[in-house]
Amino acid sequence: MIRNDEIILDLDCCGYKLYQSPSGYCFTTDSVFLSACVRATSNERVLEIGSGSGVISFLIAGKTDALEIVGIEIQKRLYEMSLRSLELNKLNDRVKFINGDIRTIKNVLPAGSFDVVVSNPPYQIHNSKDELSEKEICKTEVLCSLKDLLTATKRLLKYGGRFYAVIKTNRLVDLISEMRANQIEPKKLIPIQANIESDIDLCIIEGKRNGRPGFLTCKPIIIYDEKGNYTPETQEIYYGHKNKGN
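Residue numbers (this note's numbering): 623 to 868.
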């Protein structure tokens, strides 16, 4: 049931829809581009850390053949919203959500139980003592730092498993440092560029648990053409079906 402060968005993927609250945290293009880069086969389990209202988990369900997708979210309201979207999309056989803290949930998620870990992590450093809103908690390292994220990823990811994250470029060095400190070897970087003239301030990184050194920087994904319309690549990401490699 939709609540007073909510809307239902069409994800343009397999007919899936998502409850969102404009007064709280709403997903952005970061989540769409991240989900488009994830590879997961029919015998692989995927974990999304910081699943929010569930958008990345639902898009991965639509764009890959992943056996199971599990999302963990610390904020109860966002978690409950994802459960209602789960019922709406009838994906209970492949997707589930957990309300919990990755720093303390060892008894719920066994070590080495996932082939893929995905995250759109908080990227702003927390310096304020003021109480934060739902939206600010999603963006600020108050309940989950990059160190917390990679510590959990190291424990939960199988040997040889893959890690995917979207991050602002001003935190990329910090993320790579935490990846290597936790035996997640950076393997691929995909820059995201608003248009051909703009600076790059967003990227997607892929790593491998206990992987060998060897790093590839891919050509940027350019979101808009010179007329301000989506490029063909962006249109494929938003409205296409299966991800390449799945």
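Worth flagging that the hints you see were computed from the coordinates, not collected in a lab. Ideal Cβ positions, reconstructed from N, Cα and C, are used throughout, including at glycine. Treat the hints with care, since some could be wrong.
Stated by the list, open to error - Derived DSS-like pairs (lysine-lysine); straight-line CA-CA distance at most 27 Å:
{"no.": "1", "residue 1": "718", "residue 2": "830"}
{"no.": "2", "residue 1": "841", "residue 2": "830"}
{"no.": "3", "residue 1": "849", "residue 2": "830"}
{"no.": "4", "residue 1": "728", "residue 2": "718"}
{"no.": "5", "residue 1": "728", "residue 2": "776"}
{"no.": "6", "residue 1": "849", "residue 2": "769"}
{"no.": "7", "residue 1": "780", "residue 2": "769"}
{"no.": "8", "residue 1": "780", "residue 2": "830"}
{"no.": "9", "residue 1": "830", "residue 2": "809"}
{"no.": "10", "residue 1": "830", "residue 2": "810"}
{"no.": "11", "residue 1": "728", "residue 2": "830"}
What the hints assert, rightly or not - Beta-carbon label-pair distances, calculated as ranges:
{"no.": "12", "residue 1": "723", "residue 2": "841", "range": "21 to 27 Å"}
{"no.": "13", "residue 1": "687", "residue 2": "630", "range": "23 to 29 Å"}
{"no.": "14", "residue 1": "712", "residue 2": "841", "range": "23 to 29 Å"}
{"no.": "15", "residue 1": "687", "residue 2": "816", "range": "17 to 23 Å"}
A quick look at each hint next to the structure:
With a C-alpha separation of about 24 Å, the suggested pairing of residue 718 with residue 830 holds against the 27 Å cut-off. In summary, the hint linking residue 841 to residue 830 is supported, as the alpha carbons are separated by about 20 Å, within the 27 Å threshold. This hinted pair does not check out: residue 849 and residue 830 have alpha carbons roughly 38 Å apart, beyond 27 Å. About 17 Å separates the Cα atoms of residue 728 and residue 718, which keeps this hinted pair within 27 Å; it holds.
For the given pair, residue 728 sits about 12 Å from residue 776 by alpha-carbon distance, which is consistent with the 27 Å threshold. Our distance criterion of 27 Å between C-alpha atoms is broken by residue 849 and residue 769, whose separation comes to about 40 Å. Between residue 780 and residue 769, the direct Cα distance comes to roughly 19 Å. Compliance with the 27 Å bound is thereby established for this hinted pair. Taking the CA atoms of residue 780 and residue 830, the gap is about 10 Å. The hint holds against a cut of 27 Å.
Between residue 830 and residue 809 the CA atoms are separated by roughly 7 Å; this keeps the pair inside 27 Å, and the hint holds. Using a Cα cut-off of 27 Å, the hinted pair residue 830 and residue 810 holds, with the two alpha carbons roughly 10 Å apart. A distance of roughly 21 Å separates the Cα atoms of residue 728 and residue 830; the hinted pair therefore holds under the 27 Å criterion. Between residue 723 and residue 841 the CB atoms are about 38 Å apart, so this pair departs from the stated range of 21 to 27 Å.
At roughly 26 Å, the beta carbons of residue 687 and residue 630 sit within the given window of 23 to 29 Å. Checked against the given bound of 23 to 29 Å, the beta carbons of residue 712 and residue 841, roughly 37 Å apart, lie outside it. Between residue 687 and residue 816 the Cβ separation comes to about 31 Å, which falls outside the hinted range of 17 to 23 Å.
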